[in-house]
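All chains should be modelled from the sequences, with the hints used to inform the complete structure.
Spelled out from the first residue to the last, the chains are:
Number of protein chains: 2
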Amino acid sequence: MEKASQTAIRILEAFLKLADERGIKATTTRAIAEEAGVNEVTIFRIFKDKENLMRQAYEHFSPGKRIVAYQLAIDTSTAAQTRSGLIECMKFLRTIFSEHPQLLLSGVRDYRRFSTLHDEMAFHALAACQLVTQALKQAAPMLRPGIDIESATFSLLGFLYTTVSWQHQGWLQMTNEKWNDRLESAIDILMAP
Amino acid sequence: MEKASQTAIRILEAFLKLADERGIKATTTRAIAEEAGVNEVTIFRIFKDKENLMRQAYEHFSPGKRIVAYQLAIDTSTAAQTRSGLIECMKFLRTIFSEHPQLLLSGVRDYRRFSTLHDEMAFHALAACQLVTQALKQAAPMLRPGIDIESATFSLLGFLYTTVSWQHQGWLQMTNEKWNDRLESAIDILMAP
Numbered sequence: 022m023e024k025a026s027q028t029a030i031r032i033l034e035a036f037l038k039l040a041d042e043r044g045i046k047a048t049t050t051r052a053i054a055e056e057a058g059v060n061e062v063t064i065f066r067i068f069k070d071k072e073n074l075m076r077q078a079y080e081h082f083s084p085g086k087r088i089v090a091y092q093l094a095i096d097t098s099t100a101a102q103t104r105s106g107l108i109e110c111m112k113f114l115r116t117i118f119s120e121h122p123q124l125l126l127s128g129v130r131d132y133r134r135f136s137t138l139h140d141e142m143a144f145h146a147l148a149a150c151q152l153v154t155q156a157l158k159q160a161a162p163m164l165r166p167g168i169d170i171e172s173a174t175f176s177l178l179g180f181l182y183t184t185v186s187w188q189h190q191g192w193l194q195m196t197n198e199k200w201n202d203r204l205e206s207a208i209d210i211l212m213a214p
Numbered sequence: 022m023e024k025a026s027q028t029a030i031r032i033l034e035a036f037l038k039l040a041d042e043r044g045i046k047a048t049t050t051r052a053i054a055e056e057a058g059v060n061e062v063t064i065f066r067i068f069k070d071k072e073n074l075m076r077q078a079y080e081h082f083s084p085g086k087r088i089v090a091y092q093l094a095i096d097t098s099t100a101a102q103t104r105s106g107l108i109e110c111m112k113f114l115r116t117i118f119s120e121h122p123q124l125l126l127s128g129v130r131d132y133r134r135f136s137t138l139h140d141e142m143a144f145h146a147l148a149a150c151q152l153v154t155q156a157l158k159q160a161a162p163m164l165r166p167g168i169d170i171e172s173a174t175f176s177l178l179g180f181l182y183t184t185v186s187w188q189h190q191g192w193l194q195m196t197n198e199k200w201n202d203r204l205e206s207a208i209d210i211l212m213a214p
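Top to bottom, those sequences are chains B and V. According to the numbering used here, the residues represented by the first sequence are 22 to 214, in order. According to the numbering used here, the residues represented by the second sequence are 22 to 214, in order.
Everything labelled a hint here was simulated from the structure, so no lab data went into it. Accuracy of the hints is not assured; some may be wrong.
Which copy? The list can't say, so a pair holds if one copy fits it or any two copies do.
What the hints assert, rightly or not - SDA-like cross-link-like pairs, simulated, lysine to any residue; straight-line CA separation at most 20 Å: (1) K199 - E171; (2) K69 - M195; (3) K199 - I170; (4) K112 - T97; (5) K158 - E72; (6) K46 - T99; (7) K199 - C150.
Here it is in structure tokens:
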């Protein structure tokens, strides 16, 4: 898959949808073909096998690369600017996590079963962790003195992963507006008084 | 399974171990029998079928019930007492989450595939959410004025779920001592100045 063709993307999307509903193992190439409205042979022609298809799905949809490409530059000239820089960064992560929550969850769900895909599956987590850590480090002059960056990173990341995945599971109902309020509170508590 | 016999527990433990390694779907009763050192017939005699075996595994090992049974009584007579009450509560959750992280993860991993087990699978999450919310409500007199309880709940819960599951995945190395430090920082930030 050099350039992602329309067909290839349709196949990857069908794969994601079915894998989310029934798990990767039970997602046969035949079912993918049916869902995508293509011939099963087309799948093998483009992706060779299911493992490669999975790898391409991660490559194409996983937030890892986009997280790494995020232009982080928190303006610490005022507390308000710092605060809004942190909020923007978290909202960015939320937006891309929410697009394909199943990719984050399948990192958990199927991690042990696909050892050759460990790097792809762990990438978004490490990238997100690094981005939040960097954001807090940049914001540090305006944060509470002596704040523990690693602790704050896991509180913010945890807030994000838990709310996004619980909403995906149907365990939590939270409007976007309310989520934004909760996020702002989580940031405010880190800011210097 | 009226009373959990030694054999029954051995079977449930074998199930958990294999389900964690290869997923629930691929964990056949034959493999469970082999792992537990029992005859496959014994499994059917005790548990009838795999779905019931899964239900019993949740009943027996899942932290939900123990979370509900936790005697929460945060002593808010001093800030130090309040702080240590919150820390104890979080350490309790961490201890029972760490015992069988695969049960928490399989709630994510296999949720959509086992709709008849939704209540069992979601129970620990709702119970943990409620416990942390209650703990923060009890502690409120010693917390920052105007603190957003729901936001703080998801920060603390998120911290817990993310660190426990990432350690289970091998994405994060953190000693217990360091985890305790990070947790204390996460609590300290909530306390009134």
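Hint check results:
In the homo-oligomer, the alpha carbons of K199 and E171 lie at most 20 Å apart only across protomers (10 Å), although the nearest pairing inside one protomer, at 26 Å, exceeds that limit. Neither within a single protomer nor between protomers do K69 and M195 lie at most 20 Å apart by alpha-carbon distance, with minima of 41 Å and 39 Å respectively. Taking identical chains as interchangeable, the C-alpha atoms of K199 and I170 lie at most 20 Å apart only when they sit on different chains, with a minimum of 13 Å there against 25 Å within one chain. When the C-alpha separation of K112 and T97 is checked against a cutoff of 20 Å, the pair qualifies only within one copy, where the shortest distance is 18 Å, while the shortest distance between copies is 35 Å.
With identical chains, the CA atoms of K158 and E72 are never at most 20 Å apart, being 38 Å at best within one copy and 48 Å at best between copies. In this assembly of identical chains, the alpha carbons of K46 and T99 never lie at most 20 Å apart, being 51 Å within a copy and 54 Å across copies at closest. Taking the shortest Cα distances, K199 and C150 sit within 20 Å of each other only across copies (17 Å), while inside one copy they are farther apart (24 Å).
Violated hints for the displayed structure, listed by number in ascending order: 2, 5 and 6.
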